[in-house]
Amino acid sequence: MTLLDVNDLSIRYAVDDGSAVHASDGVDFSVERGETYGLVGESGCGKTTLAKSLVHLLDDNGYIERGEVWFDTTLPQWADENGDPEQSVIDDPDKPVRADGKTNLAALSNKQIRDVRWRDIAIIPQSAMNALNPVYKVGDQIVEAILRHEPETTAEAADDRARDLLERVGIEPERADDYAHQFSGGMKQRAVIAMAMACGPDLLIADEPTTALDVIIQDRILEELETLQEEFGVSILVISHDISVMAEICDRMAVMYGGKVMEAGPKEEIFERTANPYTLGLKNSFPTITATDQELVSIPGTPPTLRDPDDGCRFRDRCPFAVEECHASHPPMYDVEAAESTGRVTETTDDRAHRSACYRIGELDRLRTDAVNESTWTDQTIESR
Amino acid sequence: MTRISGTYLAKRLVVSYLTLLVIMTLLFVLLRSMPGSFISSMITSGMTAEQIEQIRETWGLNEPLWKQYLDFMINYQTGNFGRSPTYNAPVADLMIRRMPRTLILFGATFLIGFIIGPLVGMYLGWWRGTKKDKSIFSTSLLLYSMPSFWISWLFIWVFNYEFNLLPSAYMFTQFPEFQWTAVTVMRDVLYHIALPIMSLTFIGWVGAMLIMRPTMNQVTDEGYVFLARAKGLSERTVMIKHAARNALIPVATGAVVGLAFLIDGSIIIENVFSWPGMGQIIVSSVLERDFPVAQATFFLLAVLVVIMRLLTDIVYTYLDPRIKFGESE
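Protein sequence lines, in the order shown, are assigned to chains A and B.
For what it's worth, this note's numbering labels the leading residue of the first sequence as 1172, then goes sequentially.
For what it's worth, this note's numbering labels the leading residue of the second sequence as 118, then goes sequentially.
Only chain A is shown next, with the shape it has when bound in the complex (with noise of 0.2 Å):
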């Protein structure tokens, strides 16, 4: 069952001198329950900004411009002895509540998303390290997220859970007690997961959580979430820049460049039958420990700057592969599976179908055979300069 569909997002940001960064454009993806889903580009690439949108948390200068966010919750104040929305709710146009239950958050006020915030949503912040407070204990800390959603729980009820979430993610439940400043790195991390899964949430987002840890505290920490995931059935939306982080945990995921999702799908379509040269260029840059003599290949050139950006592929002037075409407009999500097997080129709008946006989707081969050649990249920054 789809627990999260996001359906055309698009968040900006406004500047002073009246233009705006356009950090998100078109976004469709949806996660369904149970699933980890994968958001994966270069820094500056909107992943962050649409992972923060769900839940309002975008900076002052933040905002959606359009689209909706269809979330399987519902309102405390919404809803019926069996947390499903009232009928007189989905009736009232006035409330963005659907009849099968989903409320689209982007409607919602922000009252009412503080509702939603860590009861149906938490988040791991990309500073995870930072995220404690020093001057409250730890425990406290915990405490303070289940008496703000279940203000029926005694003080004494929520200490206790607050231990045994410690103890869950390996964390002594005596440590309780102590301050941030007396965790290790990992710890503090663990701290935050547990403090994540206080509240029971359907979905957690996991903003770059392996970033400035050691690889053996990342792959515990992975493992954790994955633990996590196993017994709470959460669902994990997974911020990373870092492709190998996705390789091992995620289920499906999105390829974000410039505010834009350049390919989706299944993980393993994505990395085993890659329909997009952004993609393709990704994986080159990354290293891979068994093929030690490999040349790493980046990607030449910078990501744009998303301010008041034109009509065109946002990937254009670093694909050596553009042509006239992606000068004119963005290309549209292509299904992958049709293109390879018959060569048909056929937009689609199937969330779960491993989708590209490339004009040239129908030269595949050519594409994966090209992108494999440093040539391919280096030559086209002479040219583009």
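These are computed hints drawn from the structure, not numbers from a lab.
Since we're looking at a predicted model, the values are computed, not measured.
Hints are supplied without guarantee of correctness; some may be wrong.
[What the hints assert, rightly or not] Here are the in silico distance ranges between beta carbons for each label pair:
| hint | chain 1 | residue 1 | chain 2 | residue 2 | range |
| --- | --- | --- | --- | --- | --- |
| 1 | A | D1385 | B | T354 | 14 to 22 Å |
| 2 | A | G1341 | B | I232 | 53 to 61 Å |
| 3 | B | R353 | A | G1341 | 31 to 39 Å |
| 4 | B | I232 | A | D1262 | 47 to 55 Å |
| 5 | B | I232 | A | K1282 | 26 to 34 Å |
| 6 | A | D1262 | B | I229 | 49 to 57 Å |
| 7 | A | K1282 | B | I440 | 34 to 42 Å |
A virtual CB, placed ideally from N, CA and C, is assigned to each residue, including glycine.
Chain B: place on chain A using the hints.
Here is chain B on its own, set in the frame of chain A:
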């Protein structure tokens, strides 16, 4: 949840004591290097050399300097502050009478300033860059650059001269038509203290605000503020419980510095409003070369600052659990 150990506190007390000894030595040297002798106020024209010699002998000025110093150090540590030649009374009595009056003025100002200042700083820092912030911030800077005595005169002119709402001087009504009871005394003091406190706090809060505003602005970008929001807490809770609580730590440091400035301010204010506290005699005693009184007032103010420093250290450990005093590694 004391995080301050007994040994540390003891160590800190010893250091404070040594600090006071150094201050006393400095006081002794500084006052004696001032031009003029403290008996000059007692000498009138027509005194014979024997009479002057008699006075010198009484006040111990014929002793060698080291003996005078030793006597001074011992006397002060045993609570013997000597006699004031101008007031012709034991200095200790003078201090005991005047100290509380200054402390009332001083304490109230300090408290009000350090409640208003951080509060305003919290709001401005949180809403930094908005119109409200800009207008309040520039107004407060304007206030900050006004001298306190000028503000006092302005207030006296408005509240006393123009509207005759508040008295412009003294601590009590001079010739009261009412009976002195606990209630009337309190009311009378409040009535008289209003203008001095208003003058001092009118600008006094800005110092604390200036420290709070940037630190508050800094913590708004911290990960824990984001997380507090992500937990679904209200903006108010995030601002006060998570952001302001952390931004307060540097304000505690500012409080000690602010204290020194406040002493400055109250000396001026006490003189402007003829408030019969320490500030008033600190000026007159220096002008009249009343060494025993000057020494004692400077000394007591030093004691006050040293005590406040000690208190700040303790407050620190409560504000910031990362600071742990006296924990052996």
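Status of the hints after comparison with the structure:
no., hint, in the structure
1, A:D1385 - B:T354: 14 to 22 Å, "violated (35 Å)"
2, A:G1341 - B:I232: 53 to 61 Å, "violated (44 Å)"
3, B:R353 - A:G1341: 31 to 39 Å, "holds (35 Å)"
4, B:I232 - A:D1262: 47 to 55 Å, "holds (51 Å)"
5, B:I232 - A:K1282: 26 to 34 Å, "holds (29 Å)"
6, A:D1262 - B:I229: 49 to 57 Å, "holds (56 Å)"
7, A:K1282 - B:I440: 34 to 42 Å, "holds (37 Å)"
Violated hints for the displayed structure, listed by number in ascending order: 1 and 2.
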